[in-house]
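There are 2 protein chains.
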Amino acid sequence: MKKYKIAFLGAGNIARVMAATISQMPQIEAYAVAARDFSRAKAFAAAHGFQKAFGSYEEMLKDPQIDLVYISTPHSHHYEHAMLCLEHGKKVLCEKAFTANAKQAQKLLTYAKSRRLLITEAIWTRYMPLSKKINQLIDNGIIGKVTLLTANLGYMETNIERVMNPDLAGGALLDISIYPINFASMVFGPQISKVTSTCVFTDTGVDAMDSITLCYEDGKMAVLNTTILSRTNREGIIYGDQGYMVVENINNPERVRIFSADQKEIAVYEAPEKITGYEYEVLAAIGAIEEGRLECAEMPHHETLRVMKLLDGIRESWGIKFPFE
Amino acid sequence: MKKYKIAFLGAGNIARVMAATISQMPQIEAYAVAARDFSRAKAFAAAHGFQKAFGSYEEMLKDPQIDLVYISTPHSHHYEHAMLCLEHGKKVLCEKAFTANAKQAQKLLTYAKSRRLLITEAIWTRYMPLSKKINQLIDNGIIGKVTLLTANLGYMETNIERVMNPDLAGGALLDISIYPINFASMVFGPQISKVTSTCVFTDTGVDAMDSITLCYEDGKMAVLNTTILSRTNREGIIYGDQGYMVVENINNPERVRIFSADQKEIAVYEAPEKITGYEYEVLAAIGAIEEGRLECAEMPHHETLRVMKLLDGIRESWGIKFPFE
Numbered sequence: 001m002k003k004y005k006i007a008f009l010g011a012g013n014i015a016r017v018m019a020a021t022i023s024q025m026p027q028i029e030a031y032a033v034a035a036r037d038f039s040r041a042k043a044f045a046a047a048h049g050f051q052k053a054f055g056s057y058e059e060m061l062k063d064p065q066i067d068l069v070y071i072s073t074p075h076s077h078h079y080e081h082a083m084l085c086l087e088h089g090k091k092v093l094c095e096k097a098f099t100a101n102a103k104q105a106q107k108l109l110t111y112a113k114s115r116r117l118l119i120t121e122a123i124w125t126r127y128m129p130l131s132k133k134i135n136q137l138i139d140n141g142i143i144g145k146v147t148l149l150t151a152n153l154g155y156m157e158t159n160i161e162r163v164m165n166p167d168l169a170g171g172a173l174l175d176i177s178i179y180p181i182n183f184a185s186m187v188f189g190p191q192i193s194k195v196t197s198t199c200v201f202t203d204t205g206v207d208a209m210d211s212i213t214l215c216y217e218d219g220k221m222a223v224l225n226t227t228i229l230s231r232t233n234r235e236g237i238i239y240g241d242q243g244y245m246v247v248e249n250i251n252n253p254e255r256v257r258i259f260s261a262d263q264k265e266i267a268v269y270e271a272p273e274k275i276t277g278y279e280y281e282v283l284a285a286i287g288a289i290e291e292g293r294l295e296c297a298e299m300p301h302h303e304t305l306r307v308m309k310l311l312d313g314i315r316e317s318w319g320i321k322f323p324f325e
Numbered sequence: 001m002k003k004y005k006i007a008f009l010g011a012g013n014i015a016r017v018m019a020a021t022i023s024q025m026p027q028i029e030a031y032a033v034a035a036r037d038f039s040r041a042k043a044f045a046a047a048h049g050f051q052k053a054f055g056s057y058e059e060m061l062k063d064p065q066i067d068l069v070y071i072s073t074p075h076s077h078h079y080e081h082a083m084l085c086l087e088h089g090k091k092v093l094c095e096k097a098f099t100a101n102a103k104q105a106q107k108l109l110t111y112a113k114s115r116r117l118l119i120t121e122a123i124w125t126r127y128m129p130l131s132k133k134i135n136q137l138i139d140n141g142i143i144g145k146v147t148l149l150t151a152n153l154g155y156m157e158t159n160i161e162r163v164m165n166p167d168l169a170g171g172a173l174l175d176i177s178i179y180p181i182n183f184a185s186m187v188f189g190p191q192i193s194k195v196t197s198t199c200v201f202t203d204t205g206v207d208a209m210d211s212i213t214l215c216y217e218d219g220k221m222a223v224l225n226t227t228i229l230s231r232t233n234r235e236g237i238i239y240g241d242q243g244y245m246v247v248e249n250i251n252n253p254e255r256v257r258i259f260s261a262d263q264k265e266i267a268v269y270e271a272p273e274k275i276t277g278y279e280y281e282v283l284a285a286i287g288a289i290e291e292g293r294l295e296c297a298e299m300p301h302h303e304t305l306r307v308m309k310l311l312d313g314i315r316e317s318w319g320i321k322f323p324f325e
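Quick mapping for you: the protein sequence lines, in order, are chains H and L. This note's numbering numbers the first residue of the first sequence as 1 and each following residue consecutively. This note's numbering numbers the first residue of the second sequence as 1 and each following residue consecutively.
Incorrect hints may appear among the rest.
As the list makes no split between identical chains, a pair holds if one copy fits it or if it spans any two.
[Said to hold, decoys possible] Derived BS3-like pairs (lysine-lysine); straight-line CA-CA distance at most 25 Å:
1) K274 <-> K264
2) K107 <-> K321
3) K321 <-> K103
4) K52 <-> K5
If you're looking for bench data, these hints aren't it; they were derived computationally from the structure. Bear in mind the structure is a predicted one, so any value in this text is a computation, not a measurement.
I would like the entire structure built from these sequences, with the hints used as guidance.
Take a look at the structure:
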């Protein structure tokens with residue numbers, strides 16, 4: 001079995017979780033890590049068993065042995081960093097939000113295609129087995145005709161610079177709302193007929209609490225809400241005329257509970273045993289590489305672009321423009 | 001102890017629940033019931049131990065012994081029926097929605113005041129002890145600084161004429177959304193700065209699924225959704241920076257569960273033993289009568305009017321005008 005040499009661009013919290021994940025994946029070799037601060041990269045490499053550490057992204061990207069780069073810098077910088085990878089001929093797994101706006105996403109996707117390089121958005125929920133199971137259960141009619149979906153997600157993030165700072169494309173939308181939006185997209189598909197939304201702002205001018213309602217061409221409705229001011233119960237609920245389905249933790253689905261129309265629990269489906277949940281996006285990326293594909297079926301480029309356009313539209317309706325835009 | 005003679009105007013499903021309730025209230029005497037169809041009134045009286053049955057509302061309202069009239073006809077007819085009661089000098093407990101629109105509500109309240117007659121909206125959740133407990137818990141800081149609230153409610157109502165027919169002021173808004181709106185009002189108060197909403201229509205032109213988000217002057221947000229196409233889990237959740245509170249069944253709160261910010265259940269409060277929950281609004285009404293008050297503190301006239309204006313505004317934004325308006 002070929003071991004894929006992965007390089008990390010960024011050495012923050014998410015990178016640590018990803019490092020812990022790949023350390024348990026026999027297909028992946030923790031190869032290189034780069035951070036602007038070399039001592040930080042060195043410490044990260046030592047802590048997580050990476051062969052090489054770099055204080056410059058460019059330096060790292062010159063290394064011909066890298067099979068895949070995982071980008072986990074703030075999303076304000078994804079465009080720049082992913083483009084840098086592509087220019088160095090590297091395949092990319094880029095954290096969500098894929099970019100700060102759709103224009104950046106379009107440029108990246110077009111350039112990646114021209115270079116015949118894989119690039120895919122590391123929106124982990126899209127790659128999870130339980131996400132697929134949810135659609136199977138609905139298709140099998142377990143809760144009847146489905147018409148409504150709700151999802152919430154919230155974390156205390158007021159002390160996180162990346163989230164509070166408009167210069168870093170901060171706010172709940174790109175950091176958190178992207179999850180319920182992807183949840184709705186996985187279950188109800190792309191045919192949105194109307195978007196209605198509102199938000200509450202922080203003192204720093206980013207969105208702190210979002211309420212987003214998507215109406216669909218087939219008459220369905222998705223009511224989504226998020227906050228950076230508190231933890232929420234993170235539930236996604238899908239309602240049908242024969243019952244409803246509660247997804248525990250839409251951000252990393254652990255369990256799906258099925259209730260009858262009279263609110264009795266009738267079935268429970270657990271997520272299969274996993275490392276952290278990050279492994280599925282990595283497996284999808286190397287699967288695509290092995291098959292010579294430029295995108296992953298779980299999160300195809302048109303979906304990444306569609307979600308970015310949706311986020312752009314919502315942001316515009318709130319009058320939020322990032323300073324660098 | 002004086003026994004208050006109650007008369008029912010309307011003999012439908014809600015009237016049956018109310019009849020079962022007052023039969024267990026020592027303060028209340030099941031006195032009279034009227035329905036347009038006399039045989040229906042007679043059968044209802046026999047089934048629920050009412051002394052008198054009438055085939056005409058007017059006939060019943062001439063009876064000088066009646067202390068309080070409970071109106072449970074469709075809300076399209078509340079204005080007409082409540083006015084009839086007041087014109088006959090009768091005190092009124094009128095089911096929600098209080099009227100079809102704020103104009104009707106204002107007329108009723110003004111006339112009731114001029115006649116020095118009690119009138120109060122039978123929005124039962126407002127009168128329940130557990131509703132008051134929720135505010136006490138929040139005030140005591142059990143979940144820290146509160147910023148967000150969500151609530152949903154749904155019932156399968158596509159086979160109910162009253163709900164599906166625009167002529168009867170049908171739709172989810174007046175029948176169901178009024179509950180999460182009242183829930184938000186009880187917890188977050190009246191100072192709404194912005195209303196954002198959308199709905200999905202039925203083939204009959206009434207709203208089937210509503211999404212309503214209320215933003216408040218103090219920066220709070222309430223995300224509310226309802227449906228007549230499925231049952232929902234009926235939960236109200238209030239989020240603070242130290243944890244969150246789940247109210248089981250916002251329509252008749254049974255239990256309040258408190259969770260810490262790391263999602264551990266830390267306390268549970270049960271509703272006190274009750275008959276059906278309808279007794280609290282009846283007790284409040286007779287309490288007001290005994291004290292010579294014209295309204296109930298639990299749901300003062302200005303709140304009834306404010307909620308009706310809110311519903312009017314939402315309806316207008318959806319382009320829904322009832323045929324009789």
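Hint check results:
no. : hint          : in the structure
1   : K274 <-> K264 : between (29 Å within a copy, 23 Å between copies)
2   : K107 <-> K321 : within (19 Å within a copy, 47 Å between copies)
3   : K321 <-> K103 : within (13 Å within a copy, 42 Å between copies)
4   : K52 <-> K5    : within (11 Å within a copy, 87 Å between copies)
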